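Listed below, chain by chain, are the residues.
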Amino acid sequence: MTTTTIDDAPFIEPSATAPRNYLNDEYGVLSWLLTRDHKRIAVLYAISVTVFFMVGGIIAFMMRLELLTPEGDLFTSDTYNKLFTLHGIVMIFFFLIPAIPAVLGNFILPIMLGAKDLAFPKINLLSWYIYMIGGSFGIYVIITGGVDTGWTFYTPFSTQYSNTHVFAVTLGAFITGFSSILTGLNFLVTIHRMRAPGLTWFRLPLFVWSMYATSVVIMLATPVLAITLVLLMVERTLHVGIFDPALGGDPVLYQHMFWFYSHPAVYIMILPGMAVISECVAAFTRKKIFGYKFVAFSSLAIAFLGFLVWAHHLFVAGISIYSAMVFSFLSMIVAVPSAIKVFNWTATMYRASVSWQTPMLYVLGFIGLFTIGGVTGLFLAALGIDVHVHDSYFVVAHFHYIMVGGTIMAYLAGIHYWWPKITGRMYPEWWARLSALLVFVGFNLTFFPQFLVGYVGMPRRYHAYAPEFQVLNVLSTAGATILAAGYLLPMIYLFWSLKFGRKAGTNPWGAVGLEWATSSPPPKENFHETPVVTWEAYDYPAFLKAMRETQHG
Amino acid sequence: MANPTLHDLQHPGSEEAHVPHHPFLQHHFEDLGQQHEASTLGMWFFVAQEILFFGGIFAAYTVYRVMYPAAWSAGAHHQNWRIGFANTIVLIASSLTMALAVWGAQGAKRKFTTLMLVLTLFLGMTFIGVKAFEYREHIHEGLFPGSAFTYVDHEHPELTRGVELFMLFYFIMTGLHALHMIIGAGLLIWFIRRSWRGDFGEEYYSPVEIMGLYWHFVDIVWIFLFPLLYLIH
Amino acid sequence: MMLSDFPLFPEAASSVAKYVDGLYLALILLTGTVSLLIWAAIFYLAIKYRRRPDNELAQEQEPPAALEMTWIVVPTIIFLAIFVAGAWVYFRIQRVPTNALEVYATGRQWMWKFQHTTGQREINTLHVPVNRPVKITMASEDVIHSLWFPAFRVKNDVLPNRYRTLWFQATKTGRFHIFCAEYCGTLHSGMIGWVEVMEPTEYQKWLAGGSEGSLATQGEQLFQKLACATCHTNDATGRGPVLAGIVGKQVPLADGHSVIADDNYLRESILNPTAKVAAGFQPIMPAFQGQVSEEDLIRLIAFVKTMQPATNVAPPQQPRNP
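Residue numbers (the working numbering), protein chains in the order written: chain A, 1 to 553; chain B, 1001 to 1233; chain C, 2001 to 2322.
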C-alpha cells in the first residue's frame, strides 16, 4: 500500500450498482413532496430559498439601477417604495431566516448528532409547507401590486395610510413565523434527546451549539412578532386604536414590540452563519477551534443578550434619555461575544494547515466583512453618533455587512463545504474560487460607499436624492453588478456539477465530524448503524494518528 | 485508498441484534423511552413559545391598562363575572378529567381513559359554548370593536373609546384562547378514537400526556385572563 | 469632477458637529486599526500556514487561557469607553439651552411646516440666526416623520401623538439640507427642504417681513374663536382652570397624581381633555381632536404661554347653573 496524503486521495469511482442513498431511495414527485426525510426536506428548502433569493436579488438590482441618478427617473416613487419593501420582506422572512437553519441545519444537524432524523419528521415537512404558504402570500402580493410600508410595517403608516397589500403580506410573514418556530422546536428537541451515544454536550460540533442558540432565539422571539402582526392586522381591519394615535393608541409601542422580535431576528440570521464558519474554519485548518468552550458559550451569550438590546433601534424614536443610555450600554456588551468569536477563529489559523479551497475563501471573506459590520455596529450603538446616522445609508451599509457579508458569505461557504455530502458531487473548484473573489470585491464596492454616503447625509429609503451623493451611488451600483455576477456563477456551476461534477467520496476534505463518516450522499437512515462517539469535536490529531496506523498497519 | 473516516477507524463494524419493536415506535428513535422524552420535551418547548405569544399581548394589555385605567374598569363592568367564574370552574374540571385521562392511559385503562377524554371534550365544548353566548351578548350590545361598535357610555361618554380598546383586547385575548381550545378539542376527538382503539398503554402513552400538557397550559392562560378581563375595578 | 462635487464628509455647521465628528473620526481610527490588524492577521496566517505536503495537519496547540481573557476583557473595556464617549456627546445633543429661540415644526405627508413665535410661517424652508441656540418643538399631522439636519448632526422622530424637541446652534451661515429620515410614504424622498442660517442682522430683517401677527396673537384670536375663554376665565370663577402662568407648574390631577404643565400636557388637554383632568374640575370640556390642526395647536399653546395672571383684565362672566 502506498502512502497517500489526505488531499490527493483518489475519489471512489461508482461501482456498477450504485449504493442506495437518500436521493435514489425513492423516485417520483410525491416521494419528495411527502417525504419525511430531513435531507430531502433540506433540498426542498434549498430550492425554495434560492427562488426567493433570486426574487429579492432582482428587486435589489432594480433599486440600484434607479439610484444611478439623483432624479427618480426609472420608476415612480410608489414603485420604488414597493421595491425596497419587497426586497426587505423577501430577503429577511423568506431567505435569510430560513436559509442556513432550514437548508444546511436540516441536512447536517441530525447527521452531526448521529441521529436518523430530526425528532419530529412530520413537523419538519409541515414547516416547509407552512413556509411555502407564507411565501405564496409574498408572491401573491408581488404579482398583485406590492406593498409600500417598508419591511418594518411602522404604524400608523401601515395601519391607516398605506393603500397597498399590507394585510396579505403581514399574514404571509405571520404564517412563515410558524415555520421557523417549528424548525427551532425540532432542532432543540433533537439536540437534547437524539445525540448519539457518547456525544456529550462538549463533544458537539460548534455548529450544533450555534444552532441551539439560534433555535432558542427563534422560539422565544418569533411568537412576539406573531402577536404583534396579529394586532397590526386587527387594527388595519377594524380601525381601532391599538397603535394609531388618532384613536388613542401608541405608535412607539408597536416599534417596541416589533423590535423585541426583530432585533433577536438579526441573531436568528447571523448565529447560523457563525455556525457554518466554525465548521469550515476547523475543517480547512485541520485544527480544533481555538477556545472551543468560549466560542460555544459566546453563542448562548449572544442569544441571551440579543433580547436586551431592541430599543437601540429607537434612540431617536421617543424613548427617554435614560433608557437610551441603558440600551446603548447593553448594545456595547452584546458586541463582546461576537468579538470573541472573531478572535478565536483567527487564532485557530495559527500553526494550522490552512487550505485555500473555496469554503475557506468564503470564511476569510466572512471574518473580514463581519469585522467591519461589527465595528460599525459600535458606531451605531454610540448614542452621539446614532442620532446623526440613524435611518441613513450608514445603517443600510452596516446591516448589509452583517447580513450579506456575514450570513450570505457563510451560507455560500456552507453550501460549498457540504455540497459533496448533499449531492455526492464536487463543484468545479476554479469557478468557485472565481465567484468567491467576485462576491468579495463586488460586495465591498456595493456597500462600502454606503457608509460614506450615509454619514454625508443620505437618508435610507430615498427614491431621489441630492446630486452630491451621486458618485458614491454610482460606485455602489457598479459593485452590485459585480456582486450579481458573483451570485449567478454558483447557481450555474453548482447546477452543472449535479451531472458533471467529480464523484465526491465519503470524505473529500479529510474532515472529522460524523457527517464525513457516512457516505456521500448519505443513506436514507444517515448511518447504517448508530455511531458511538468517543472523541472530542475536531479531534484532528487522533484522526491523523488513526489514519497513519491504518495506512501503515 | 479513500480517506478513512474517524468513525471507520475507531469502530470496526458491529452489528446489533434486531429486536422486534413496538408498533408505535417511529423508525428514527432508538426506543420508546427516547420517543417519549422527545415528544414531552417538544411540548414543553411549544408551551414556552406559547407563553411568549400570549406574553406579547399581555404586555400590550398592561400598557393600555396603565394608560386608560378608568376605561378598563368600565369595560370590565360589561363582563358578567358570574358567567366567567362558572366557565372557569368548567375549565378547571376539564383539566381534572384530562389529568385522569393521562393517569388512565398510563395504566392501560382503555374505557376509563376514553370516558375521561370524552368528558374533557364535553367540558371544553361547554366552555366554548358559554363563550359564544357571551360574545353574542357583547355583539348585541354593540361592543364589538370597529364599525360594529355602537355602544356609548352615557355616564362617562369620554370613556367610550377606551372601552372599545378594552373590548378589542377582550376579543383578541379570549378569541386566541378559544382558538387554542378549539384546536385542543379537535385533537381530543382524534385521541378519543385512538384511545377507544386501544392504542395507549403502559409503554406508549406519551401522546395523551403531551395532550394533557397542552390542555393544562390553555387552562392556565384562562386563569390569567379571567381576573384581567372580568375582575378589574 | 471636483472633489467638492461629491463630498466624503458633510459640512459641519453646528456647535455639536465637532463632537460628533470627533467621535466618529476617533472610532474610524480605532476600529479601522483593529480591523486592519485582523485582516492582516488572517492573511498572514492563511499564507504562512497554508497547506503544504509537510504540514498536512495542524500542530497541536493548547489555548492559553490568558489570551482568551485578554480578548474578552480588553474589547469590553474599549466598548464601554465608546459607550461613555457616545453618551457624553449624546447629552450635549439632548440638553437644550434655556435661552434657545423657539421654533415650531409640523410634519405632514410630505412637507415640513415651520412657525416662528413672531408669526412667520414657512414651508420646507427654515430661517434661523447663526450662533444662537434654536429649539424646535415638533409634531406630525399623520404618520411618523423624522426631522434631520445632516449639517447640524441632529435628528429626531416626529410623532403624531406628542411633541418632541430637538435643538441646534448653527455656527456657519449658509444653506443646508433638511431631510425626512423616517419613511413616510410615496414622496418620502421629496419631504426635504433647506435651512437658511443667517447673520443676526439679516435675520432681524427677515423677521420684519410679513407676518399675521405673533404666534401668541394668532393664538389669542383662536382662543376667542373657539370660545375657550368661556370657561378658562382669568379669575378662578370659570368652570375650567385658570391658564395664566400655568406653564411649567405642577398641576394636581383629579385622580390624585400630578403632572408638569408642559407643551405635551397642554396639547393633550386640548385634544383629549378627559385624559388628565385637573383636580377640582369636572371632565366637561369637549375634545378638540380632529378639530384643531397641529398648527393651530401651536398657536394656542403659544398664547397660553404668554397669558399673564392679570388682576382685573378678565371679562366678566355670566355665571351659569352648575
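Keep in mind that the hints are not guaranteed to be accurate.
What the hints assert, rightly or not - Derived, one-sided and incomplete: chain C residues facing chain A with beta-carbon distance under 7 Å: (1) 2049; (2) 2082; (3) 2183.
Stated by the list, open to error - Taking lysine-lysine and the DSSO-like style, the derived pairs with C-alpha atoms no more than 30 Å apart in a straight line are: (4) 2225(C) x 293(A); (5) 545(A) x 2276(C); (6) 2225(C) x 2276(C); (7) 499(A) x 524(A); (8) 1109(B) x 122(A).
No wet-lab data here; the hints were simulated from the structure.
This structure is a prediction, so every number in the text was calculated from the model and none was measured.
Beta carbons are placed, not taken as given, at the ideal position from N, Cα and C, and that holds for glycine.
Hint by hint, which ones does the structure fall short of? Checked against the structure, the hints that fail are numbers 4 and 5, while the rest are satisfied.
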